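Chemist: Use these hints to put chain U onto chain Y, whose structure you have.
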Amino acid sequence: MIGYALAGPAFAQAPPVPAAKPAAATPAPAKPPEKAPAATQPGQFKHLAASEAAGILGRPVRGPKGDIIGRIANVLVDQAGHPRAAVIDFGGFMGVGSRKIAVEWPALHFAPGNSDVPVTLDLSSDQIKAAPEYNDDNGGKPATVVAKPHETAPAASVATKPEPAKPPATP
Amino acid sequence: MTPRRARIPSLVGALHPRPLDWLNFLAAALQTSFGPFVVVYLTAHQWTQVSVGLALSVGTVTGMVSQIPAGALIDAIPVKRVAAGIAIVAIGLAALGLGLRPQPLPVLLAEILQGAAACMVMPAIAAMSLNRVGAGGAGVRLGRNASWAALGNGLASGVMGVIGYYISEQVVFLFAGALALPTLYALVRIGPPRRHVRAENTPVAASPARPLWRLFLDRRLLAFAGCAVLFQFANAPMLQLLGSALTRRDGMAASAIIGACLVVPQLVVAVFSPAVGRAAGRWGRRPVLILAFIALPLRGLLFTVVGNAALLLPVQALDGISGAAFGVLTPLIAADIARDSGRFNLWMGSFGLAGGIGASISTTLAGSVADHFGSNAAFLFLTAVGVALVLLAALALPETGRGSGEA
Chain Y
239 MIGYALAGPA
249 FAQAPPVPAA
259 KPAAATPAPA
269 KPPEKAPAAT
279 QPGQFKHLAA
289 SEAAGILGRP
299 VRGPKGDIIG
309 RIANVLVDQA
319 GHPRAAVIDF
329 GGFMGVGSRK
339 IAVEWPALHF
349 APGNSDVPVT
359 LDLSSDQIKA
369 APEYNDDNGG
379 KPATVVAKPH
389 ETAPAASVAT
399 KPEPAKPPAT
409 P
Chain U
16 MTPRRARIPS
26 LVGALHPRPL
36 DWLNFLAAAL
46 QTSFGPFVVV
56 YLTAHQWTQV
66 SVGLALSVGT
76 VTGMVSQIPA
86 GALIDAIPVK
96 RVAAGIAIVA
106 IGLAALGLGL
116 RPQPLPVLLA
126 EILQGAAACM
136 VMPAIAAMSL
146 NRVGAGGAGV
156 RLGRNASWAA
166 LGNGLASGVM
176 GVIGYYISEQ
186 VVFLFAGALA
196 LPTLYALVRI
206 GPPRRHVRAE
216 NTPVAASPAR
226 PLWRLFLDRR
236 LLAFAGCAVL
246 FQFANAPMLQ
256 LLGSALTRRD
266 GMAASAIIGA
276 CLVVPQLVVA
286 VFSPAVGRAA
296 GRWGRRPVLI
306 LAFIALPLRG
316 LLFTVVGNAA
326 LLLPVQALDG
336 ISGAAFGVLT
346 PLIAADIARD
356 SGRFNLWMGS
366 FGLAGGIGAS
376 ISTTLAGSVA
386 DHFGSNAAFL
396 FLTAVGVALV
406 LLAALALPET
416 GRGSGEA
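If you're matching them up, the sequences are chains Y and U in order.
Heads up, the first sequence is in my numbering, so the first residue is 239 and it goes up one at a time.
Heads up, the second sequence is in my numbering, so the first residue is 16 and it goes up one at a time.
Treat the hints with caution; some may be incorrect.
Stated by the list, open to error - Covered, in the sense of this in silico footprint (three residues per stretch, anywhere, with C-beta under 8 Å from a C-beta of chain U), are these stretches of chain Y:
1) 288 to 296
2) 321 to 329
3) 333 to 343
4) 346 to 360
5) 366 to 374
It is worth saying that the hints were derived from the structure and are not from the lab.
Please read these numbers as outputs of a predicted model, since none were measured by experiment.
Glycine included, each C-beta is placed from N, C-alpha and C at the ideal position.
Chain Y with its partners taken away, still in its complex shape (with noise of 0.2 Å):
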């Protein structure tokens, strides 16, 4: 790590290697040298405290009613990056009849700095039981995930339209 930081400064004041291909057809203008160089500059570092960030993967979650209901075994992302379900070790004894069930990203809660209840979900096991069990290799079906109950909003209001929501799984 001291090495790296002390190299730092000798790489930053290397010269932009030019990136423009000397027989471009079409009359490019030479290109911000930022490409080739970004890939050979040292990495910026970034702190995290653990109570602003923790891993989530294993950790305990627990339902409405503060129970302990499993855990987290895996994170859906998509391709913009944002995590779209939580796959949970759901129930069972001692390993034991557990099914692993995929939740929608918003069901979840995160507190990061408490290591009792890291991560609560707003369904409850009787919502999230019947749902069909999650499989890394589905033959290339869609996952089910479940989420929360479509919430109806009363007719008069102007409250701002709940994010559609995928109706709840059927099993």
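Modeler: Frame of chain Y; chain U shown alone:
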């Protein structure tokens, strides 16, 4: 019903446990941690599902590959307590390793160690038991072994479940590792056999006229190995399937019922094993085995129709009946076959391998059937295998006992 007079020995046994009883109890308790619980533990330590599956497969494969060599090894070691001791130390170390270092390399080593050692423990204990009973006492003694092992397993499941939930999963493995110490103490307390070593434990040297591989063609061996394959095939996935179906239906409320479904069969095994051992001596191995095997497809069938949680427990009691018979009769039949070859542990290893093959194929297959066609279809599939088992035992398995009077 067995007459009161014949019941007294097992009652006395329960009131005055001997070191051999404790050994069975503690060795079984020690091994209870190495079940589906390892998955829970590793998941809690951020292991991905693929890695967990891989680690468990390493354990399973090691176990299967070690069965026969371990059997041959125990046959070759004259003092069986040494073999048992080595295996117990290995399992204890594996449990400690798993508990202290949930990283890839230590976990793989622990799985390999436990896989190999687990093949050695019960056969070595059974061999020790044979050396400490007279000609007529094998059935009863092996029945007591199964009984105490079931108590150890049942109690440990409950205790470890509580520790895992209220304290931590890590402590479960540390506790299991610590259990190795009283187990070794019980082993030391047993002392050398007072009679000379039984014929079943004295390997007869192979000769050109009677090569070792020829012994594997023994019809009794092949038939019971076939029964072992089918029994584990039908039996091994049932509890997991049941648990999954219950969790699907009842959510978290199912956890307590699943726990009860784990413990009830162990209690049944504990109560009935000595009687099974005695019955196998009085009426022969075949009738007892066939009768008990019927409980297996019956249970599979009942799982498709019984929904009420309270009724599930009596159905799970059937698991105890078939389990008790299989647990007592495997070493008994191995001893019968070893009467002329002296290779008791080699046959135990063969039966262990056969059972392991059945269980491995079945868990994946039954899981697939349940995923595609539902749990009921999976239960019916296992019921069909159970029926095949009963037929195999009825039609192909010869009677291996010496005749009535041999207990």
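Chemist: Would you mind marking each hint as holding or not holding in the structure?
Modeler: Okay, the hints, checked on the actual structure:
1. For a cut-off of 8 Å, the count of residues in the stretch 288 to 296 of chain Y with a CB near a CB of chain U stands at 3, and the three-residue condition holds.
2. Three residues within the 8 Å Cβ limit are the bar, and the stretch 321 to 329 of chain Y against chain U gives 3, so the coverage statement holds.
3. Here the stretch 333 to 343 of chain Y counts 6 residues with a CB under 8 Å from a CB of chain U, which clears the bar of 3, and the coverage holds.
4. For a cut-off of 8 Å, the count of residues in the stretch 346 to 360 of chain Y with a CB near a CB of chain U stands at 0, and the three-residue condition is violated.
5. Three residues within the 8 Å Cβ limit are the bar, and the stretch 366 to 374 of chain Y against chain U gives 6, so the coverage statement holds.
Of the hints listed earlier, the one the structure fails to meet is number 4.
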